[in-house]
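Student: Given next are the chains, with one letter for each unit.
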Amino acid sequence: MLDLAVTAFLSLIATYLFLKEIVVKRFPKFGIVGNDVHKPNTPTLPEMGGTAFLFGVIVYVIILSILGLLTPEITSIALTIMIAGLVGIIDDFWNLGKRTKPLLTMLSGIPLILLGTTQEYLMLPLGISFHVPTLYKLIAPIALAVTCNAINMFDPMNGVATGTSLISISFLALAGVARFITTGNIDLSVFARANFMLIPGLLVVYYFNRFPSRVFVGDTGTLSMGAAIGALCMVFGLEVMGVITLMLPITNAFFSLFSLGRLFERSELEARPIIVREGGVLEPSLDRRAPITFTRMMLLLGHSHERELIETYMSIVLLTALAGLTVSTFLMG
Amino acid sequence: MIGSMGLYRSRLLVCMLLANVLILVIGPFVLYSIDVELYRLLAPYIGRLFTTIAQAIFSIATVLTWIYFWRKAFMMLFEILLRQKSKATTHS
Numbered sequence: 001m002l003d004l005a006v007t008a009f010l011s012l013i014a015t016y017l018f019l020k021e022i023v024v025k026r027f028p029k030f031g032i033v034g035n036d037v038h039k040p041n042t043p044t045l046p047e048m049g050g051t052a053f054l055f056g057v058i059v060y061v062i063i064l065s066i067l068g069l070l071t072p073e074i075t076s077i078a079l080t081i082m083i084a085g086l087v088g089i090i091d092d093f094w095n096l097g098k099r100t101k102p103l104l105t106m107l108s109g110i111p112l113i114l115l116g117t118t119q120e121y122l123m124l125p126l127g128i129s130f131h132v133p134t135l136y137k138l139i140a141p142i143a144l145a146v147t148c149n150a151i152n153m154f155d156p157m158n159g160v161a162t163g164t165s166l167i168s169i170s171f172l173a174l175a176g177v178a179r180f181i182t183t184g185n186i187d188l189s190v191f192a193r194a195n196f197m198l199i200p201g202l203l204v205v206y207y208f209n210r211f212p213s214r215v216f217v218g219d220t221g222t223l224s225m226g227a228a229i230g231a232l233c234m235v236f237g238l239e240v241m242g243v244i245t246l247m248l249p250i251t252n253a254f255f256s257l258f259s260l261g262r263l264f265e266r267s268e269l270e271a272r273p274i275i276v277r278e279g280g281v282l283e284p285s286l287d288r289r290a291p292i293t294f295t296r297m298m299l300l301l302g303h304s305h306e307r308e309l310i311e312t313y314m315s316i317v318l319l320t321a322l323a324g325l326t327v328s329t330f331l332m333g
Numbered sequence: 334m335i336g337s338m339g340l341y342r343s344r345l346l347v348c349m350l351l352a353n354v355l356i357l358v359i360g361p362f363v364l365y366s367i368d369v370e371l372y373r374l375l376a377p378y379i380g381r382l383f384t385t386i387a388q389a390i391f392s393i394a395t396v397l398t399w400i401y402f403w404r405k406a407f408m409m410l411f412e413i414l415l416r417q418k419s420k421a422t423t424h425s
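Chains as they are written, first to last, in my numbering: chain W, 1 to 333; chain R, 334 to 425.
Just so you know, not all the hints are guaranteed correct.
[Claimed, not checked] Here are the simulated BS3-like cross-link-like pairs (lysine-lysine), alpha carbons at most 30 Å apart as the crow flies: (1) W:Lys39 with R:Lys405; (2) W:Lys39 with W:Lys20; (3) W:Lys39 with W:Lys98; (4) R:Lys420 with W:Lys39; (5) W:Lys137 with W:Lys98; (6) W:Lys98 with R:Lys405; (7) R:Lys420 with R:Lys405; (8) R:Lys418 with R:Lys405; (9) W:Lys39 with W:Lys25.
Treat the hints as calculated values from the structure; they're not laboratory data.
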């Protein structure tokens with residue numbers, strides 16, 4: 001356990017140094033920047049902070065392999081994150097099309113299939129389970145595309161995507177421990193290794209990305225974090241918990257797509273869903289051509305400031321995560 | 334503090350999300366029970382293959398109905414809020 005804690009600490013330091021020394025100082029020199037459009041003076045911030053998360057995962061995996069603690073589960077989760085991160089890097093640089101991105105994120109399911117680390121049983125609440133080993137493998141890429149793109153589309157404001165990912169993975173960790181205590185149906189040592197790989201890096205990235213952001217995580221960050229959540233759920237059989245915890249991002253993606261009736265890129269929108277007024281006051285767009293996003297709904301409900309919206313988002317994600325933890329602990333039999 | 338106020342303001346959305354969680358918990362159990370009953374009723378008359386097809390059609394129809402009503406409720410809420418906001422903007 002001590003070696004795991006030290007490895008996690010080293011990965012945390014690596015992520016922090018990468019963000020501070022490379023993303024914050026070097027990326028702006030290469031023009032890897034974006035504007036924070038919800039602030040009154042639209043400040044320019046370094047982009048692609050998600051690369052630091054990927055770097056932290058790589059450092060962790062290298063140290064773990066030196067210590068001889070690397071298992072197929074950890075390898076498959078790390079590779080899944082890397083593939084999704086690579087898709088994110090390509091998207092950040094060359095803007096993949098609206099159809100290409102979801103299709104490419106499906107590739108991140110390949111390590112899970114090849115290393116055979118997905119579950120054989122699909123466990124549902126109230127004691128229902130299905131033995132579907134082949135179907136599970138077929139569904140894995142689709143499920144990963146859903147989690148990746150749900151988190152990717154749920155990055156409307158500072159720290160929302162990173163905060164949601166951090167809360168989700170922390171609660172998945174709690175759910176895993178609770179399952180170990182109640183049923184013993186999880187390998188706690190491997191599960192701990194997976195969580196030590198993800199949580200420290202996410203904490204650092206969230207620290208830099210939280211309101212007011214010093215760094216944007218970009219598609220590199222959002223896609224890799226979505227892949228991390230999806231892979232963790234599928235490798236350790238926490239699918240229901242994952243779906244409930246990600247209820248808000250999935251609903252947001254679902255209604256954005258439904259309102260326009262197609263996949264879309266932000267750049268091709270005829271009308272933006274929110275309008276920024278003087279002093280950073282946010283207003284919902286009354287234009288019917290704009291997509292129906294959760295942020296637009298919340299603004300219609302009376303919210304008007306970025307900070308207030310972010311705190312409400314985090315409260316809702318916490319609430320759904322708590323609901324997921326309750327279901328996962330007491331109703332999965 | 335702001336978070337809890339924000340939660341109160343967004344209570345309609347939160348309720349819709351929690352209703353969905355409830356459906357996710359109860360739904361599979363209800364669907365499974367109905368499928369078992371369907372099997373018991375139909376299998377002796379139309380055989381296993383057609384019973385499985387009937388179960389699949391029923392399950393898919395139920396899930397699509399759920400998505401339809403979920404979407405309808407969300408859209409209705411959006412339309413009401415948009416109308417209220419438009420009215421308020423016109424009056425001011």
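Student: Against the structure, test the hints numbered earlier, and report the numbers of the ones violated in rising order.
Tutor: Number 1 only.
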